[in-house]
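2 protein chains.
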Amino acid sequence: MEHTYAVIMAGGGGTRLWPVSRREKPKQLLPLLGKETLFQGTVARLEKLFPPERILVVTVEEQAREMRDQVPSIPEENYLIEPSPRGTASVVALAAAVLKKRDPQAIMAIQTADHHIRNKDLFHYLVRTAFDVAQKGYLVTLGITPTFPATGYGYIQQGEALEGDYKYPVFTVRRFKEKPDEATAQQLLRSGDHSWNSGMFVWHVDAILAEIEKQMPDLYAAVNKIASVWDTPDRKEVIRNIWYGLKTQTIDYGIMERAEKVAVLPAGGLGWSDVGSWDSLFEVLLPDMNGNVSTNAQHLGLDTHNTLVYSDDEKRLVVTIGLDDMVVVDTGEILMICKVDQSQKVKDVVEHLKKHHQEKYL
Amino acid sequence: MEHTYAVIMAGGGGTRLWPVSRREKPKQLLPLLGKETLFQGTVARLEKLFPPERILVVTVEEQAREMRDQVPSIPEENYLIEPSPRGTASVVALAAAVLKKRDPQAIMAIQTADHHIRNKDLFHYLVRTAFDVAQKGYLVTLGITPTFPATGYGYIQQGEALEGDYKYPVFTVRRFKEKPDEATAQQLLRSGDHSWNSGMFVWHVDAILAEIEKQMPDLYAAVNKIASVWDTPDRKEVIRNIWYGLKTQTIDYGIMERAEKVAVLPAGGLGWSDVGSWDSLFEVLLPDMNGNVSTNAQHLGLDTHNTLVYSDDEKRLVVTIGLDDMVVVDTGEILMICKVDQSQKVKDVVEHLKKHHQEKYL
Chain A
11 MEHTYAVIMA
21 GGGGTRLWPV
31 SRREKPKQLL
41 PLLGKETLFQ
51 GTVARLEKLF
61 PPERILVVTV
71 EEQAREMRDQ
81 VPSIPEENYL
91 IEPSPRGTAS
101 VVALAAAVLK
111 KRDPQAIMAI
121 QTADHHIRNK
131 DLFHYLVRTA
141 FDVAQKGYLV
151 TLGITPTFPA
161 TGYGYIQQGE
171 ALEGDYKYPV
181 FTVRRFKEKP
191 DEATAQQLLR
201 SGDHSWNSGM
211 FVWHVDAILA
221 EIEKQMPDLY
231 AAVNKIASVW
241 DTPDRKEVIR
251 NIWYGLKTQT
261 IDYGIMERAE
271 KVAVLPAGGL
281 GWSDVGSWDS
291 LFEVLLPDMN
301 GNVSTNAQHL
311 GLDTHNTLVY
321 SDDEKRLVVT
331 IGLDDMVVVD
341 TGEILMICKV
351 DQSQKVKDVV
361 EHLKKHHQEK
371 YL
Chain B
11 MEHTYAVIMA
21 GGGGTRLWPV
31 SRREKPKQLL
41 PLLGKETLFQ
51 GTVARLEKLF
61 PPERILVVTV
71 EEQAREMRDQ
81 VPSIPEENYL
91 IEPSPRGTAS
101 VVALAAAVLK
111 KRDPQAIMAI
121 QTADHHIRNK
131 DLFHYLVRTA
141 FDVAQKGYLV
151 TLGITPTFPA
161 TGYGYIQQGE
171 ALEGDYKYPV
181 FTVRRFKEKP
191 DEATAQQLLR
201 SGDHSWNSGM
211 FVWHVDAILA
221 EIEKQMPDLY
231 AAVNKIASVW
241 DTPDRKEVIR
251 NIWYGLKTQT
261 IDYGIMERAE
271 KVAVLPAGGL
281 GWSDVGSWDS
291 LFEVLLPDMN
301 GNVSTNAQHL
311 GLDTHNTLVY
321 SDDEKRLVVT
331 IGLDDMVVVD
341 TGEILMICKV
351 DQSQKVKDVV
361 EHLKKHHQEK
371 YL
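In order, the protein sequence lines correspond to chains A and B. Taking my numbering, I'd label the letters of the first sequence as residues 11 to 372. Taking my numbering, I'd label the letters of the second sequence as residues 11 to 372.
Careful, some of the hints might be misleading.
A pair holds if it fits inside one copy or across any two, identical chains being indistinguishable in the list.
To be verified - In silico SDA-like pairs for lysine to any residue, Cα to Cα no more than 20 Å straight-line:
(1) K365 / D313
(2) K257 / A231
(3) K355 / R32
(4) K325 / G301
(5) K246 / T161
(6) K364 / G311
(7) K370 / G311
(8) K246 / K355
(9) K365 / G311
(10) K130 / E57
(11) K364 / L312
(12) K349 / H315
(13) K35 / G286
The hints are simulated quantities; they were obtained by calculation from the structure and are not laboratory data. These numbers come from a predicted model, not from an experiment.
Please work from the sequences and hints to get the whole structure.
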């Protein structure tokens, strides 16, 4: 595993987990699943494969301080700070350019800070295999075998099996597909040759930089310029001058969809979740015999079923009587109680609060 | 209204409004209906009829301090402190004996500290009429015209109309009835001649003390002995020596059921509530067009109906999505969410907490 690195993308926000996920405290920095935050969980998962000095974090200044507090093991120079988010294409390009300067043979595994993986052993196995494939010059994606017709993820269609002595099935990629509608998602689920795009990638810095140079030459020039002054006093000024001119783009749309040598490892049973909505916590945490899950709260439920109780105050006693299929979120100055199948309406609440100038609750 | 006094009984506890009503903070000291506590509301209602120096409060030491803070207008000597609760018979007897020493012509209106009355003008009208009836030597009860077959209240059956020039219909009392079962309550509701026993009484001190002497001679002797030393340094010692020997008894069972000259004013439309359970708040507070009521909390309800939201933190934003017929109580270290028709299970929770030695939540 020499020359291998992990790069954690950790700049995002998002409102789907409001009111816990807030502007100044995004999802990855919260102990959504218990004592550990998603960011801490991501680092812990990676530390089985990488020493801390080979784990990089790309984030924004507002989040970096909290991250350093949560994970003091990662050295300061491994935090790559974006002046502002410009999409995952810029994140990947910056990390690849900086890494290449440090280690021209670097192979990097891209991770997101706010996902959860239950089966860590399988994850480590997959990443090790992906490094072998990346050594051959492939851009490797970790695909997730679909378990329901999700409309919230992009899909990857696999092609033929890749020749080679790999310890896990590897396929070429036929096509990337954007988030489908419900009917298409049903087809893709049944097709048997489509995986969810998890946003986890493994590649050699040369391979990804070659694609960036071809498909996004402006970005390529920009990150090279930034990387050339990274270890000099000019870094701050150069990055500021360049960064705000970059166009916001995802790595999937900007690079992967038209890239040439792409492979996929379709993983079933990984227990992967993007922890993207309140009801997704039911999948990640293990419900008790009544179907209830609770995080941090002391929950006393009478005649209560399929109900999630989250509190950020361990001393809080949450008593529920006669509740079914509910999400209870008790955090700071906000209490939210929501029928599970209506949890997508959280964004309506966020819109309402914006409209009525109650930004303090956002 | 010379020689008229109000006596507020304020010693009680009770768990039906847990988790807001707690051991150290009983119902009457809480702002259950808004900014004002039930005790403050009771005093405000009485101050239209009585100057503060003619309002007395019978309570226990643990509650007296908070009461003085909440209502500074009542003079210190008007707080009659029981060493421990011994039922309403002892409360009434003590107040009557002490009042008689201060004013032998005193007529007293007994009130409870933790009830709510919406129609205050009618209340004042009734009390004034009751004073006229009490002047004739009657023990007067204010009855409440039943609006549903309640099994939680005692009932009063009226007899013939009382002769006299009263400004409101007055009847003799045929019988007091203890809390009935459901079938009996249905009959009583339909009978047309039964009122709920509200626990509000008006009488001359001589009239009630004569009944106490006859029916509870030990209590009579005890309160006379206490009253004789009330304004001396011996008060504390004498009351302590006597009080714990008193048997616990209600005024209804101990005196009223067998008293001779009893009258009732059956009041309809008073908007009276004993605020005895969470769902009773729906009757007291006025629901909005979706049937929701909220106290203190900022409530933002989407697709939410017939739901009560109580918070003791005005800054708290309570968001509900897809809730029907719920009670949400957010107080200090406890959050309770309960289906309205299961709110009687609150006492099961209290039992559970006792059994598991979680007294701090009681």
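Going through the hints against the structure:
no.	hint	result
1	K365 / D313	between (38 Å within a copy, 19 Å between copies)
2	K257 / A231	within (13 Å within a copy, 93 Å between copies)
3	K355 / R32	within (16 Å within a copy, 35 Å between copies)
4	K325 / G301	neither (23 Å within a copy, 32 Å between copies)
5	K246 / T161	neither (40 Å within a copy, 76 Å between copies)
6	K364 / G311	between (34 Å within a copy, 16 Å between copies)
7	K370 / G311	between (31 Å within a copy, 18 Å between copies)
8	K246 / K355	neither (41 Å within a copy, 62 Å between copies)
9	K365 / G311	between (36 Å within a copy, 16 Å between copies)
10	K130 / E57	within (11 Å within a copy, 71 Å between copies)
11	K364 / L312	between (36 Å within a copy, 16 Å between copies)
12	K349 / H315	both (12 Å within a copy, 13 Å between copies)
13	K35 / G286	within (15 Å within a copy, 42 Å between copies)
Checked against the numbered hints given earlier, the structure breaks hints 4, 5 and 8 and satisfies all the rest.
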